[in-house]
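Given next are the chains, with one letter for each unit.
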Amino acid sequence: MIDFPFLADTMLKLLAALPTTLSIFFCSLVLGLALSIGIVSLRVSRWWFFSYPARFYIMLFRGTPLLIQMFLIYYGLGQFPAIRDSFAWVVLRSPYGCAVVSLALCTAGYTAEIIRGGLLSVPQGQIEAGKAIGMSPWELLYRIIAPVTLRQALPAYSTEAILLVKSTALASLVTVWDVTGVAQQIIQRTYRTMEVFICAALIYLVLNYLVVRAVAWLEYRLSPHLRERPADVVKKSSPTLPTHS
Amino acid sequence: MNLLQLLSFGDSGWGMALLKATGMTVILTLAALLVGAVFGSLVAAAKLSRRRSLRGLGNLYSILFRGIPELLVIYLFYFGGASVVTAVGHWFGGEGYIDVPPFLVGALAVGLISGSYQAEVYRGAFIAVSRGELEAGMAIGMSRAMRFKRILVPQILRYALPGLGNVWQMSLKDSALISVIGLVELMRASQVAAGSTRQYFTFYIIGGALYLILTGLSGRLFHMAEARVRRTRQRSPV
Amino acid sequence: MSIQSASALSVTNIQKSFGSAHVLKGIDLDAHKGDVISILGASGSGKSTFLRCINLLETPDQGIIRVNGEVIEMKQHVDGRQTPSNNRQVERMRSSLGMVFQSFNLWSHMTVLQNVIEGPMRVLKRPRAECIEEAEALLHKVGLYERRDYYPAHLSGGQQQRVAIARALAMNPQVMLFDEPTSALDPELVGEVLRVMRSLAEEGRTMLVVTHEMGFARHVSNRVVFMHGGLIDAQGTPTELFEGLPTERFRQFVSSHNDRSAE
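Protein chains in written order, with the UniProt record's numbering: chain A, 1 to 245; chain B, 1 to 238; chain C, 1 to 263.
Chain A extracted, bound-state conformation (with noise of 0.2 Å):
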């Protein structure tokens, strides 16, 4: 019943694709991770010169569809002769860059928005007994209100991880065989939508698997102070202060 020398030759048409879905998730992540920590620290800003454009940026790209971002660089950007000309156009001309380029703009939005919720979470407190004790703006980044904002935004990214993987199959709109691109071609060749679907989709399952795996390690490294204390730690009795006699 099952066609097997269908699936595995499907499976492995798939699997040449996947490189191409791997590189363009990569790319899209630390390209918007980057673009989105120098985003986030315009919204915070006190002043409305930097975070006005900053939550215009965010809106913008929370607020519109994916696809229309991503047809709005390819095709619309490729209008003018000045982005033509431009050094821009080496990455620009290609689908590969304009789908990676786009994914990476809309990441960034959502990502900054996650880094944000993250800075706000951080207990007043801390940064005050950090204040305290003389540290200075960098050292109370790094030692306190980083680690903090890493935490508390870790699983929120998981989740922005696996929309990103899901939105690089967007990609295939634009001409780049990734995953799903080769998968609408089988099916429109052979119409066996079922076995291919599932190849497909079992592919995504697992790399969601994955994403969701390293995050985990990510936030096992970064927390122990929220870990179980350990067994072999025997419980001292308190010491006793030295009495007035």
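A hint or two may mislead.
As the list claims (entries may be wrong) - Label-pair restraints from in silico Cβ distances:
#	chain 1	residue 1	chain 2	residue 2	range
1	A	Ser51	C	Lys125	39 to 47 Å
2	C	Ser256	A	Pro137	51 to 59 Å
3	C	Arg218	B	Ile127	28 to 36 Å
4	B	Ala145	C	Gln252	42 to 50 Å
5	B	Gly23	A	Phe26	33 to 41 Å
6	C	Ala184	B	Ser143	24 to 32 Å
7	B	Val229	C	Arg198	52 to 60 Å
8	A	Trp89	B	Ile127	50 to 58 Å
9	A	Leu210	B	Val153	37 to 45 Å
10	A	Ser121	B	Leu48	21 to 29 Å
11	A	Ser51	B	Ala17	47 to 55 Å
Derived from the structure by calculation, the hints contain no laboratory data.
In this text the structure is predicted, and so the values were computed from the model without any measurement.
Heads up, the beta-carbon is just placed ideally off N, CA and C, and yes, glycines get one too.
Following the hints, complete the assembly by docking chains B and C onto the known chain A.
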């Protein structure tokens, strides 16, 4: 042709088409949300059930529809659905290839996906409902059905409102993907307008702006609804 | 035990375990019409669990519950436990037993008035106009008529508890069960609730009150039951208990309470 002419509501203008397409986007998202509400409640109930098999099924649903790219789900229902319908048609003696209406496919696909997110919202809302208020219902002699209808459901809806607002925005943006199977909603209309006038930048910006208006308005409406609900829970009186 | 007053509530050999913890080890209690019984005891003595067994918010593993002469039907299981066999009977019993909770448990999505008419209207199926009329009278009685359109979140703890009492009274119950009604209140709000409870006692209501309020136990109730370790350690009239101090444990309990109030 300048911008104003392009957007006019006359024969050569795309204004009307874009507006109609925006309406289609809203209707499509509404349909999807309803589908999602049905499946979401079922999955939430399954996840909260005492039987491990039901919990497993609920979790499976979530993993599948939150982990598989929306595009693949749409392809599955579109091409797969067409295959099924065509096979059934042939069985009845029909010929050729039978298509499935893209609206149905779209509402179903986006609906099932939004259902997995709605399940989390309903589940969280259920857990948030005060056990004490349910006990007060028991103590007064309310039957299980009555406690469900008079206490559980109103409270779940109130707690679920913020989450549902997010799901609505998400589905609004997911609806743009239905353009790939030909349904003329906002994304497709922008695409067609852009392609036929070669004014890609213009029309994708306009399409984006229209989406922005939709998400912005929705956000505002949900905020107002949440504020109204919150008023009944705040310290200061009516 | 007077022969004239009928038995409103009678429980025999109530036992309850949570896992390996045997919380109730066999409680017998008879409440006659007009009795105001205070149930005292340290935390962990099982007094709240006992009260909650009466209206089956907890199901006693063993024991018979008789409300107004009618026994709640139970079916026995192989492991020795029992569960109610007639859910409709349980619902009917519950509607004739009013309960006031420690955390008030007013329905937060309904106004004060809606809270009070909900039971009579939906469970007793009485006409809406009639329910509203009665509810308004009850709210007058507890002193909250002016706030009938407020939501619970807009009221203080003492006000919420008084509404909860009105809500329970609206069902016209045979017996009122109070589960530590003032324990969650700020000290200055306790008085207003105790005043309402006192007036109910003076009207002749049958009340079972789990409480820490010694004053109420001593001056308002006509019987006091002291529980310890899942059993009744001492019971009798307030005079018998507070002046007689019949058992060592009760003596310790009273003295530790006096110490605390002296702080």
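So, going through the hints one by one against the coordinates:
Against the hinted window of 39 to 47 Å, the Cβ-Cβ separation of Ser51 of chain A and Lys125 of chain C comes to about 59 Å, which falls outside the hint. At about 54 Å, the beta-carbon gap between Ser256 of chain C and Pro137 of chain A stays in the expected band of 51 to 59 Å. Here the CB-CB span from Arg218 of chain C to Ile127 of chain B is close to 42 Å, at odds with the stated 28 to 36 Å. As the Cβ distance of Ala145 of chain B to Gln252 of chain C is approximately 48 Å, the hint placing it in 42 to 50 Å holds.
At about 40 Å, the CB distance of Gly23 of chain B to Phe26 of chain A agrees with the hint of 33 to 41 Å. Under the hint 24 to 32 Å, the C-beta atoms of Ala184 of chain C and Ser143 of chain B, about 28 Å apart, fit the expected range. Hint check: Val229 of chain B to Arg198 of chain C, Cβ distance near 38 Å, so the stated range 52 to 60 Å is violated. Range check, Trp89 of chain A to Ile127 of chain B: about 53 Å between beta-carbon atoms, so the 50 to 58 Å window is met.
A hinted range of 37 to 45 Å for the beta carbons of Leu210 of chain A and Val153 of chain B is consistent with their spacing of about 40 Å. About 28 Å separates the C-beta atoms of Ser121 of chain A and Leu48 of chain B, a value consistent with the hinted range of 21 to 29 Å. At roughly 38 Å, the beta carbons of Ser51 of chain A and Ala17 of chain B sit outside the given window of 47 to 55 Å.
Checked against the numbered hints above, the structure violates hints 1, 3, 7 and 11; every other hint is satisfied.
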